[in-house]
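Undergrad: Those protein sequence lines, which keep their order, are chains C and W.
Its first residue numbered 2, the first sequence is counted upward by one per residue in the working numbering.
Its first residue numbered 8, the second sequence is counted upward by one per residue in the working numbering.
Read the hints as simulated data drawn from the structure, not as lab findings.
Owing to the predicted nature of the structure, the values given are computational and were not obtained by experimental measurement.
Where is the CB? At the ideal position from N, CA and C, for every residue including glycine.
Incorrect hints may have been included.
What the hints assert, rightly or not - Simulated crosslink set (SDA-like; lysine to any residue; CA at most 20 Å straight-line): (1) 350/C <-> 179/C; (2) 157/W <-> 339/C; (3) 350/C <-> 236/W; (4) 245/W <-> 179/C; (5) 157/W <-> 373/C; (6) 245/W <-> 352/C; (7) 247/W <-> 352/C; (8) 350/C <-> 299/W; (9) 245/W <-> 333/C; (10) 247/W <-> 219/C; (11) 245/W <-> 339/C; (12) 247/W <-> 179/C; (13) 245/W <-> 335/C; (14) 157/W <-> 280/C; (15) 247/W <-> 223/W; (16) 157/W <-> 333/C; (17) 245/W <-> 381/C; (18) 245/W <-> 332/C; (19) 245/W <-> 336/C; (20) 350/C <-> 240/W; (21) 245/W <-> 370/C; (22) 336/W <-> 183/C; (23) 247/W <-> 370/C.
As the list claims (entries may be wrong) - From the derived model, a few chain W residues whose C-beta atoms are all more than 10 Å from chain C: (24) 66; (25) 128; (26) 161; (27) 182; (28) 231; (29) 235; (30) 242; (31) 244; (32) 281; (33) 323; (34) 327.
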Amino acid sequence: MVNADPQPTRPLLQMRSIVKQFPGARALDGVDLDILPGEVHCLLGQNGAGKSTLIKVLAGAHQPDEGQILIDGEVVTIPHPVAALRLGVATMYQELDVVDGLTVAENIYLGHELSTAGFSNRRTAAKNTRELMKRLGHPEIPPHREVGELSAAGKQIVSMARALSHDARVIVMDEPSAVLDSEEVENLFRVVHQLTASGVAIVYISHRLEEIRQIGDRITVLKDGRTVAQNLAVSRTPTAELIKLMTGRTVENVFPARAPIAPEAEVVLAVESLGLKGEFSDVSLAVRAGEVVGLAGLVGSGRSEILETVYGARRSTEGTVRVGGKKLRPGSVAAAVGAGIGLCPEERKSQGLLLDEPVYRNITLSTFGRFATAGLLDERAERAAAQEQSVALDLRPAGVDRNARTLSGGNQQKALLARWLVHGCRVLLLDEPTRGVDVGARAEIYALIRDLAASGAAVLVVSSEIDEVLGLADRVLVISEGRVVHEGPADSIDEHGVLDLVMEGSAA
Amino acid sequence: MSDQEVAPAAVVDGPAHAPSPGTPGGARPRRSMLNGSMGRNVGLVLALVALCVVGYATAGENFANLNNVLTILRLAAVLGVLSIGMTFVITGGGIDLSVGSVMGLATIWASTLATQTMAADTHWIVMVGVALAVGTACGLVNGILVAYGKVVAFMATLAMMVGARGLAEMISNRQTQRVRVDEFLDFFRADLIGIPVLVWMFAVVAVAGWFLLNRTTFGRRTVAVGGNPEAARLAGIKVKRHTMYLYGLVGLTTGIAAVMMLARTTAGSSTNGQFYELDAIAAVVVGGTLLAGGRGTIVGTVLGVLIFTTLTNVFTQNNMSTSAQNVAKGVIIVVAVLLQQRFASRSRSD
Chain C
2 MVNADPQPTR PLLQMRSIVK QFPGARALDG VDLDILPGEV HCLLGQNGAG
52 KSTLIKVLAG AHQPDEGQIL IDGEVVTIPH PVAALRLGVA TMYQELDVVD
102 GLTVAENIYL GHELSTAGFS NRRTAAKNTR ELMKRLGHPE IPPHREVGEL
152 SAAGKQIVSM ARALSHDARV IVMDEPSAVL DSEEVENLFR VVHQLTASGV
202 AIVYISHRLE EIRQIGDRIT VLKDGRTVAQ NLAVSRTPTA ELIKLMTGRT
252 VENVFPARAP IAPEAEVVLA VESLGLKGEF SDVSLAVRAG EVVGLAGLVG
302 SGRSEILETV YGARRSTEGT VRVGGKKLRP GSVAAAVGAG IGLCPEERKS
352 QGLLLDEPVY RNITLSTFGR FATAGLLDER AERAAAQEQS VALDLRPAGV
402 DRNARTLSGG NQQKALLARW LVHGCRVLLL DEPTRGVDVG ARAEIYALIR
452 DLAASGAAVL VVSSEIDEVL GLADRVLVIS EGRVVHEGPA DSIDEHGVLD
502 LVMEGSAA
Chain W
8 MSDQEVAPAA VVDGPAHAPS PGTPGGARPR RSMLNGSMGR NVGLVLALVA
58 LCVVGYATAG ENFANLNNVL TILRLAAVLG VLSIGMTFVI TGGGIDLSVG
108 SVMGLATIWA STLATQTMAA DTHWIVMVGV ALAVGTACGL VNGILVAYGK
158 VVAFMATLAM MVGARGLAEM ISNRQTQRVR VDEFLDFFRA DLIGIPVLVW
208 MFAVVAVAGW FLLNRTTFGR RTVAVGGNPE AARLAGIKVK RHTMYLYGLV
258 GLTTGIAAVM MLARTTAGSS TNGQFYELDA IAAVVVGGTL LAGGRGTIVG
308 TVLGVLIFTT LTNVFTQNNM STSAQNVAKG VIIVVAVLLQ QRFASRSRSD
């Protein structure tokens, strides 16, 4: 194990050789973690490395089988979540655990309501809430606002305020930026800085290495339930080394090389002055066979809406979509799929998969009709087709009979790609293809997308990670406020250039 | 999240790993999934056997004779056919509260003076046609309201439940309408190889339902639409149209049940089928179909129907009140749902 840093100050929280055994699997197999006061400590690891189990142990949701937890040098036990809060350890889970129907103040004091003889002290709660919001830099969020009306970023602030209301000294943040766009991430970082300045330690979990560069102080890397490197200084550890530690191998280049596109290649997808009232207008684009085109823009810029409208999941109010020269009926997914368009949606679990159905049925969800004669399904042929694609995409674990729920994020995405490979589609629309996918699997997905394009598909990608769009696509369209503000080759613009365009667009 | 973390070896993403021979592919989860549904069905069969033992112990030969068994099956047939249709709607993520009322309406419409005169002049099949048409039409109205009108299924079918009952009362003037077409009664009240035609009808509908749900594209669409309508839509399945078909299908089975009801009671009545919607839903859910949609079992539904019908019979044989029966039914529903949740959470953590 690498231990880069001798302890300069006394750690606030220590975890020593934590082991957690689940039936059939050792989720944690000797994890060490040292958290100093006032630091941002990043926890890195692939899906399945044990990060979530570790923070559940810390939050009192799981009991470790072996090992010790020390706070201020004293051994403590955390038998249940309330005990964790009493010890000053608060956790913000990935799925924001706020109650939409309650107000901001009610959410913050949920579970530890301020009350006198059973009557709630709403005024005190409101006053404290206002103070917390001010401390977090969001005095504009009133205590009596219903949380359901807030944006994802606002909900996260409420979640953070709840942690602070417990006088937390350690706040664990599980992928806090996953639901935020880049502006909101900036604000999150500002709040994190304020918190650390006041001595609060943050345990920060994220798949985005660039974020960790920006905000982290030290890094602990987990792999297969063990700590493989501890207390690496963010500023002195190259990305390549982190990836190597996480995956146990070197990733040369995350993005695959672009292939030159023949100038005479057919325009497969042609979108002309497409518009959807209130969302976007006058979007025109063309994607040729073998080409990957990226749409960059902030959350809410209309990029996902454009994709969904092209696909017919939303009914356009103006303009046309043509595939191979044939005009599509607006507002009909079935027509789009029939013409050879496939969509891998943004939210894999809620929009893409039947989680409690076997993988092969998920893969053939768009095509099972082909395996039927007069409505009677030939499941053997269906499974074989799904199996073939899952082998081609190296879906792991192999075997298509397990439920889709048991797959990791990267493999769920592969199952969706396999769906369209079985279909044999000519146009592939990808919305956030690597959200929740860990670093190793990302490179694989990028390579798959390239391969698909090389085999003649036209690919349109949307991502909130600008470097992903720039690295993956041949051509980039920058979307701001529902309009295309820039179009050009991906290598002629950098991340700054895109951000400038986006900001300019929203200022105008 | 936790299900990903508990099995680190199984979710590693790197291309460096070949599909490891250590992971037994899909074999393990598949087997346990089968165990799950088989286990549930075995549980239901055991419950049924236990009921029969109680029946024999308390009522002896009165319970355990062929005639009584056929009585149970004849009673189960009507509810059974309704419940097969209900299984589809519930698996598809919906609910239909109107089946009892629509069945009542269909028995009335198929036994009006006009219909029966026409049937007497031509063929008894006219009565069957009317019942099926009334059932299917009501189902399609429900389906259009739910799928295209975006009315919540509970409310749309509640409205149909009230409305159809009212219409049946208006048409019949709240009079019982005796069936006078003897050929109709002769056909449906007959026995075939010693088994009543009604029971044969239940068997045919159940087998057809099993095939439709488990072996056809229609069934696959039903599971997809009930399991995740958004994913189904984005995969290119016409979710609205399929939802409408599902309510049409339950309407059709309601029509079939109405024919059977007419034959069994030899009369159309606006009170026919009261509370059948609740019995059908209970039988379906006790059988193991998820009320939230996305998982349905025809075998489970048949077993659920048999359990409830046998229970009624055992109580009747022992001269116990319907009130006591209802208490027992309530207990069975709660126990079954609790067991189901236990199963569901176990298969999740798999």
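Undergrad: Give a verdict on every hint.
TA: Status of the hints after comparison with the structure:
1. Note on residue 350/C and residue 179/C: the hinted pairing holds, with a Cα-Cα distance of about 15 Å set against a maximum of 20 Å.
2. A C-alpha spacing of about 26 Å is found between residue 157/W and residue 339/C, which places the hinted pair above 20 Å, so the restraint is violated.
3. Pair hint residue 350/C plus residue 236/W holds up; C-alpha atoms about 12 Å apart against a cutoff of 20 Å.
4. As the CA atoms of residue 245/W and residue 179/C are separated by approximately 32 Å, the hinted pair breaks the 20 Å bound.
5. Simply put, residue 157/W and residue 373/C have alpha-carbon atoms about 31 Å apart, too far for the 20 Å limit, and the pair is violated.
6. A threshold of 20 Å between alpha carbons decides the hint, and for residue 245/W with residue 352/C the separation of about 15 Å falls inside it, so the pair holds.
7. At most 20 Å may separate the alpha-carbon atoms for a hinted pair to count; residue 247/W and residue 352/C meet this at roughly 16 Å.
8. The hinted pair formed by residue 350/C and residue 299/W meets the criterion: a straight-line CA distance of about 17 Å does not exceed 20 Å.
9. A threshold of 20 Å between alpha carbons decides the hint, and for residue 245/W with residue 333/C the separation of about 9 Å falls inside it, so the pair holds.
10. Between residue 247/W and residue 219/C the CA atoms are separated by roughly 52 Å; this puts the pair beyond 20 Å, and the hint is violated.
11. At most 20 Å may separate the alpha-carbon atoms for a hinted pair to count; residue 245/W and residue 339/C meet this at roughly 12 Å.
12. Between the alpha carbons of residue 247/W and residue 179/C the distance comes to roughly 32 Å, so the proposed pair goes past 20 Å and is violated.
13. Straight-line distance between C-alpha atoms of residue 245/W and residue 335/C comes to about 7 Å, which keeps the hinted pair within the 20 Å bound.
14. Restraint check for residue 157/W and residue 280/C: not satisfied, since their Cα atoms lie roughly 23 Å apart, outside the 20 Å limit.
15. Between the alpha carbons of residue 247/W and residue 223/W the distance comes to roughly 19 Å, so the proposed pair stays at or under 20 Å and holds.
16. About 18 Å separates the Cα atoms of residue 157/W and residue 333/C, which keeps this hinted pair within 20 Å; it holds.
17. For the hint pairing residue 245/W with residue 381/C, the CA-to-CA distance comes to about 25 Å; that exceeds 20 Å, so the pair is violated.
18. Proximity of residue 245/W to residue 332/C is assessed by CA-CA distance (about 12 Å); at most 20 Å being required, the pair is judged to hold.
19. Taking the CA atoms of residue 245/W and residue 336/C, the gap is about 10 Å. The hint holds against a cut of 20 Å.
20. Straight-line distance between C-alpha atoms of residue 350/C and residue 240/W comes to about 14 Å, which keeps the hinted pair within the 20 Å bound.
21. At most 20 Å may separate the alpha-carbon atoms for a hinted pair to count; residue 245/W and residue 370/C meet this at roughly 13 Å.
22. Taken as a hint, the residue 336/W and residue 183/C pair is broken in the structure, with Cα atoms around 57 Å apart against an allowance of 20 Å.
23. Distance check on the hinted pair: residue 247/W and residue 370/C sit about 18 Å apart at the alpha-carbon level, within 20 Å; holds.
24. Every beta carbon of chain C lies more than 10 Å from that of residue 66/W, the smallest distance being close to 42 Å; the non-interface claim holds.
25. Every CB of chain C lies more than 10 Å from the CB of residue 128/W, the least distance being 37 Å, so the non-interface label holds.
26. Taking the minimum C-beta to C-beta distance to chain C, about 20 Å, the non-interface status of residue 161/W holds against the 10 Å cut.
27. With a least beta-carbon separation of about 43 Å from chain C, residue 182/W lies farther than 10 Å from that chain, consistent with its non-interface assignment.
28. Distance check on residue 231/W: its Cβ comes as close as 6 Å (rounded) to a Cβ of chain C, failing to clear the 10 Å threshold; non-interface status is violated.
29. Residue-level check failed: residue 235/W sits 5 Å from the nearest beta carbon of chain C, not beyond 10 Å.
30. Chain C draws residue 242/W into its interface by the beta-carbon criterion, the shortest separation being 4 Å against a cut-off of 10 Å.
31. Chain C draws residue 244/W into its interface by the beta-carbon criterion, the shortest separation being 8 Å against a cut-off of 10 Å.
32. In this structure residue 281/W is separated from chain C by more than 10 Å, as the shortest Cβ-Cβ distance comes to about 35 Å.
33. Remark: the non-interface label on residue 323/W is consistent with the geometry, its nearest Cβ contact in chain C lying 40 Å away (cut-off 10 Å).
34. The claim that residue 327/W lies off the interface holds: its Cβ sits roughly 40 Å from the closest Cβ of chain C, which is beyond the 10 Å cut-off.
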